[in-house]
Amino acid sequence: MAATKASKEQKYDRQLRLWGDHGQETLENAHVCLINATATGTEILKNLVLPGIGAFTIVDGHTVTGEDVGNNFFLSNNSIGKIRAQAATELLQELNSDVSGNFVEESPDKLLDNDPEFFHRFTIVIGVQLPESTCLRLGSVLWSAAVPFLVCKTYGLIGYMRLVVQEHTVIESHPDNALEDLRLDQPFAEFKNHIQSYDLDSMDKKDHSHTPWIIVVAKYLEKWLSEHNGQPPKNYNEKEAFRQCIREGILKNENGVPEDEENFEEAIKNVNTALNPTKVPSAVEDLFNSVQCNDITSQTLSFWVMLRAVKEFVLNEGNGSLPVRGTIPDMIADSQKFINLQNVYRQKAMQDAATVSKHVECLLQSFGKPPESISEKDIKLFCKNASFLRVVRCRSLAEEYSVDSVNKDEITSCMDNPDSEMVFYLMLRAVDRFYQQHSRYPGVYNYQVEDDINKLKLCVNNLLQEYSLNVNIKDDYIHEFCRYGAAEPHTVAAFLGGSAAQEAIKIISHQFVPFSNTFIYNAMSQTSATLQL
Amino acid sequence: MNLLLFSLFREKKRRRVVELTEKMVVDGGDGHNCEWEGRWNHVKKFLERSGPFTHPDFEPSTESLQFMLDTCKILVIGAGGLGCELLKDLALSGFHNIHVVDMDTIDVSNLNRQFLFRGKDVGRPKADVAADFINSRIPGCCVIPLKFIHLFCFHVEFHIIVCGLDSVVARRWMNGMLLSLLVYDDGVLDPGSIIPLIDGGTEGFKGNARVILPGMTACIDCTLELYPPQVNFPMCTIASMPRLPEHCIEYARMLLWPKEKPFGDGVVLDGDDPEHIQWVYQRSLERAAEFNITGVTYRLTQGVVKRIIPAVASTNAVIAAACATEVFKIASSAFIPLNNYMVFNDVDGLYTYTFEAERKENCSACSQVPLDMHFSPTSKLQEVLDYLTESASLQMKSPAITATVEGKNKTLYLQSVASIEQRTRPNLSKTLKELGLADRQELAVADVTTPQTMLFRLCFTS
Chain A
1 MAATKASKEQ KYDRQLRLWG DHGQETLENA HVCLINATAT GTEILKNLVL PGIGAFTIVD
61 GHTVTGEDVG NNFFLSNNSI GKIRAQAATE LLQELNSDVS GNFVEESPDK LLDNDPEFFH
121 RFTIVIGVQL PESTCLRLGS VLWSAAVPFL VCKTYGLIGY MRLVVQEHTV IESHPDNALE
181 DLRLDQPFAE FKNHIQSYDL DSMDKKDHSH TPWIIVVAKY LEKWLSEHNG QPPKNYNEKE
241 AFRQCIREGI LKNENGVPED EENFEEAIKN VNTALNPTKV PSAVEDLFNS VQCNDITSQT
301 LSFWVMLRAV KEFVLNEGNG SLPVRGTIPD MIADSQKFIN LQNVYRQKAM QDAATVSKHV
361 ECLLQSFGKP PESISEKDIK LFCKNASFLR VVRCRSLAEE YSVDSVNKDE ITSCMDNPDS
421 EMVFYLMLRA VDRFYQQHSR YPGVYNYQVE DDINKLKLCV NNLLQEYSLN VNIKDDYIHE
481 FCRYGAAEPH TVAAFLGGSA AQEAIKIISH QFVPFSNTFI YNAMSQTSAT LQL
Chain B
1 MNLLLFSLFR EKKRRRVVEL TEKMVVDGGD GHNCEWEGRW NHVKKFLERS GPFTHPDFEP
61 STESLQFMLD TCKILVIGAG GLGCELLKDL ALSGFHNIHV VDMDTIDVSN LNRQFLFRGK
121 DVGRPKADVA ADFINSRIPG CCVIPLKFIH LFCFHVEFHI IVCGLDSVVA RRWMNGMLLS
181 LLVYDDGVLD PGSIIPLIDG GTEGFKGNAR VILPGMTACI DCTLELYPPQ VNFPMCTIAS
241 MPRLPEHCIE YARMLLWPKE KPFGDGVVLD GDDPEHIQWV YQRSLERAAE FNITGVTYRL
301 TQGVVKRIIP AVASTNAVIA AACATEVFKI ASSAFIPLNN YMVFNDVDGL YTYTFEAERK
361 ENCSACSQVP LDMHFSPTSK LQEVLDYLTE SASLQMKSPA ITATVEGKNK TLYLQSVASI
421 EQRTRPNLSK TLKELGLADR QELAVADVTT PQTMLFRLCF TS
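Protein chains in written order, with UniProt numbering: chain A, 1 to 533; chain B, 1 to 462.
No wet-lab data here; the hints were simulated from the structure. Be aware that one or more of the hints could be misleading.
[Unchecked claim] Sample of chain A residues facing chain B (criterion: CB under 8 Å; computed from the structure): (1) Thr4; (2) Lys5; (3) Ser7; (4) Lys46; (5) Gly70; (6) Ile171; (7) His174; (8) Asp176; (9) Val449; (10) Gln502; (11) Met524; (12) Gln526.
[Said to hold, decoys possible] Restraint ranges, calculated between C-beta atoms of paired labels, are given here: (13) Ser375(A) to Glu203(B): 28 to 36 Å; (14) Thr297(B) to Pro175(A): 20 to 28 Å; (15) Glu421(B) to Ser202(A): 47 to 55 Å; (16) Glu167(A) to Glu203(B): 29 to 37 Å; (17) Asp113(A) to Glu35(B): 37 to 45 Å.
We treat Cβ as the ideally placed atom computed from N, Cα and C, and that holds for glycine.
Throw the hints in and build the complete structure from the sequences for me.
Structure follows, in structure tokens:
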């Protein structure tokens with residue numbers, strides 16, 4: 001047991017550094033369903049099996065063709081004629097013995113007919129190369145069951161993904177460029193006291209040069225405020241003047257030449273961001289105002305309970321601010337000064353989290369749930385990430401496809417540029433229509449290409465008319481989509497395989513932020529776009 | 001992008017196809033007895049059908065697939081996270097003559113993404129295992145593992161080179177290598193001497209893919225500023241003012257290990273040896289306790305000592321796929337290639353940004369013009385050395401400087417050979433004037449970042 005755990009730590013080391021042991025645990029508890037083991041499907045699954053999801057089930061009623069083997073790494077030519085779901089499961093299973101691979105030799109349509117609840121057991125369902133009707137049926141079942149659904153399609157040199165999830169909460173979004181939470185504009189009591197304990201003017205050179213820049217800015221800010229009616233530097237000129245004040249504070253040697261004080265240089269460099277007013281990010285404000293935050297019941301997920309508790313904190317003890325994050329960036333300072341300052345922030349963060357905890361307890365009590373339902377650890381994590389909380393909501397496929405609720409604005413505004421990635425979305429929709437009408441995709445055989453162009457054009461016009469979309473689709477794209485002949489080139493499938501797998505990991509782990517809600521990849525120009533449909 | 005290149009590339013290709021066809025007529029062999037019906041259906045649509053977005057010179061042809069299968073030679077550099085993906089992608093796109101180079105052996109921590117390797121392969125050379133796996137999974141594909149030294153003998157005429165490296169130095173070396181192969185007739189670049197270089201890189205959830213036509217488009221060195229130099233912690237912080245757990249770890253690694261030699265004299269710290277890491281971890285904890293610093297963990301220790309970059313399968317899959325798509329485009333002319341740099345990031349949704357990186361007029365690698373460097377005659381040689389290593393656009397590692405002084409070739413400073421380093425070290429504290437250097441004279445600099453010696457022109461300032 002211990003040996004396996006240690007070897008898993010080694011094997012997964014590089015990814016554990018991204019999503020941690022707790023993230024890995026969510027993966028290992030996940031059961032992913034893949035529908036259709038085409039190249040796109042197996043590539044997606046490969047990128048989920050390698051990082052160690054708990055289990056996968058492939059649903060696929062097809063038998064393996066020569067064409068399938070040609071672009072699929074997880075099918076071999078001696079499986080031609082055999083069950084595709086089974087053949088792919090074997091070669092995918094072989095990638096990682098930690099994962100449990102299963103298959104169901106059945107078309108998704110049949111399963112929807114006979115046993116739609118089959119899909120309820122999965123953490124996420126990934127549907128690949130699905131015809132429109134199947135996609136919509138499945139979408140409806142999964143929406144009702146609140147099972148996340150990721151639709152993927154490789155069509156020629158175009159990749160397409162659609163995420164369908166009602167509400168996906170993210171506590172750990174891991175933003176790339178997060179602003180620090182330093183509270184210089186509204187120092188809390190303990191921070192103020194700590195600043196008081198410094199007297200820059202009476203320090204010896206060593207201490208002066210190793211005072212954290214946060215303290216330096218705080219000191220000069222105090223002075224500025226007393227000289228400017230309590231108003232902090234606001235515009236460029238004032239900030240320049242403020243920086244100059246700090247610069248003048250740099251110690252000078254006997255000849256009046258300024259010494260080398262890196263901490264003061266850091267202070268000057270950081271003035272701009274340091275003076276940012278502390279406020280609740282608008283995205284978080286929006287969450288505070290949402291229905292889920294305000295109508296808490298016993299069914300409410302812990303995310304919303306904690307959010308409500310934080311909201312209460314903001315309105316009361318926080319005086320309009322979120323709980324202190326508790327981290328500071330590294331800066332030139334001697335160890336003791338830095339650690340002491342860091343501890344001031346850490347302790348305040350702990351205090352604030354404890355206060356939020358009390359609010360959580362109150363809320364839980366109010367609908368008869370024990371306070372242990374939400375752990376201290378979770379509350380601390382929530383508070384630390386309070387500025388970065390995200391909630392992703394996607395419209396259902398039914399809404400996207402309905403004439404009454406189609407997102408005309410998004411479509412027409414994108415198509416102001418007739419070469420925007422939106423044109424590929426429309427072409428994929430048109431191609432689906434073609435399939436519905438002709439029971440095949442356009443241009444699959446060489447002799448069909450020419451004639452199918454006109455047939456496809458009819459489908460395009462029919463589509464635009466039905467949705468009253470006043471846009472123009474260039475003939476070139478219609479020609480190109482006939483040329484594609486519903487081909488699934490491996491490199492495009494592989495690009496989508498990586499993209500989709502990571503989105504699935506985000507959904508499973510609730511870390512990092514999933515896209516919403518449509519992603520188009522154009523391998524011809526190596527460009528992409530995310531659309532809201 | 002110069003369309004002339006592709007016309008000439010196709011001409012080169014066409015001549016080779018003709019050669020091959022002639023050879024076939026003579027030998028009567030067809031080389032492929034492992035095909036099956038429909039195998040190349042997905043690929044053929046792009047080779048045999050015309051379309052509105054193809055390269056202007058594209059001609060649909062049934063010969064193109066044969067060229068790709070039989071003749072087109074691709075070199076894949078690296079058989080790791082990107083390399084494994086590249087080999088699969090290329091093999092399934094119709095490229096069956098691939099050479100792969102990698103000097104590394106397989107480690108357990110590779111297995112979360114380098115899918116051609118299994119637990120039983122740990123310790124074996126990556127290139128060998130990767131080649132074996134692809135060759136057995138993809139009938140007809142011939143992946144040949146190369147030992148590094150073969151790269152110096154570019155007899156094998158590669159049509160395209162794809163890099164999946166994890167080091168900027170190695171990229172720059174490869175870049176310089178391809179630049180050195182360029183042929184100029186009367187100052188005009190012969191497109192036939194250009195070997196396109198597709199370069200991919202990944203780090204966590206970020207990655208990039210770029211197309212380089214040496215001598216024509218921006219090269220690696222043209223955009224060196226896109227690779228910021230690695231930040232090392234200042235020594236005084238490590239030695240006397242630690243604040244972060246990382247500082248404590250670097251203290252144990254850089255100061256305690258050489259002093260205490262815990263595993264014997266001359267035993268170098270091996271990041272892959274768990275006993276070594278454990279030792280560093282323990283000493284780091286002690287250091288941290290002294291200063292009330294929290295956060296030292298075994299994982300962090302290993303990460304700092306080995307300079308670990310987090311990695312997942314998905315990012316490598318995306319970037320390798322983009323690179324392989326470009327290889328396909330260039331080999332087939334089926335589409336106009338990426339011009340010329342794509343950036344990818346899927347931390348928040350999926351983000352790509354595609355732009356044309358521009359050539360730098362005075363690029364240290366591809367501008368062919370000796371770079372001016374300005375120093376006062378009383379500057380010390382050490383200053384010149386610092387400039388070569390610290391300048392963002394040069395970022396050399398351990399440059400060797402030679403110059404012609406009084407008609408003779410003189411090594412001013414060379415670090416890589418101990419005896420010469422000792423002999424030339426005093427030069428570092430001599431002034432340029434004292435060393436006999438004149439205004440406007442050329443200095444030749446050799447470094448691991450460039451296979452060809454770089455020429456600089458010394459310009460004296462007053």
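Quiz item: Is the hinted range of 28 to 36 Å satisfied by the C-beta distance from Ser375(A) to Glu203(B)?
Solution: Holds: the Cβ-Cβ distance is about 33 Å, inside 28 to 36 Å.
Practice problem: For the hint on Thr4(A), just tell me whether its beta-carbon gets within less than 8 Å of chain B. | Solution: violated (12 Å)
Quiz item: Does the nearest C-beta of chain B fall within a distance shorter than 8 Å of the C-beta of Gln526(A)?
Solution: holds (5 Å)
Quiz item: When the nearest CB of chain B is found for Val449(A), is that gap smaller than 8 Å?
Solution: This hint holds: Val449(A) lies near chain B, its Cβ roughly 6 Å from the closest one there, short of 8 Å.
Quiz item: Should the hint that Glu167(A) and Glu203(B) are 29 to 37 Å apart at their CB atoms be regarded as holding?
Solution: Given about 32 Å between the Cβ atoms, the range holds.
Quiz prompt | Interface hint status, Asp176(A) versus chain B (Cβ within 8 Å) | solution = Interface hint status for Asp176(A): holds (6 Å vs cutoff 8 Å).
Quiz prompt | Agreement of hint His174(A) with chain B interface, Cβ distance less than 8 Å | solution = holds (6 Å)
Self-check item: Status of the hint placing Gly70(A) at chain B (closest C-beta pair under 8 Å)
Solution: Where the cut-off is 8 Å and the nearest Cβ of chain B is about 4 Å from Gly70(A), the hint holds.
Self-check item: Hinted contact Lys46(A) with chain B - closest CB pair below 8 Å
Solution: Check passed: Cβ of Lys46(A) comes within 6 Å of chain B, closer than 8 Å.
Self-check item: chain B contact restraint on Lys5(A) - CB to CB distance below 8 Å
Solution: violated (14 Å)
Quiz prompt | Hint status (Cβ of Ser7(A) to nearest Cβ of chain B, threshold 8 Å) | solution = Cβ of Ser7(A) sits 7 Å from chain B, so the hint holds.
Practice problem: Given the range 47 to 55 Å, decide if the beta-carbon distance of Glu421(B) to Ser202(A) lies inside it. | Solution: holds (49 Å)
Of the numbered hints stated above, those contradicted by the structure are hints 1, 2 and 6, listed in ascending order.
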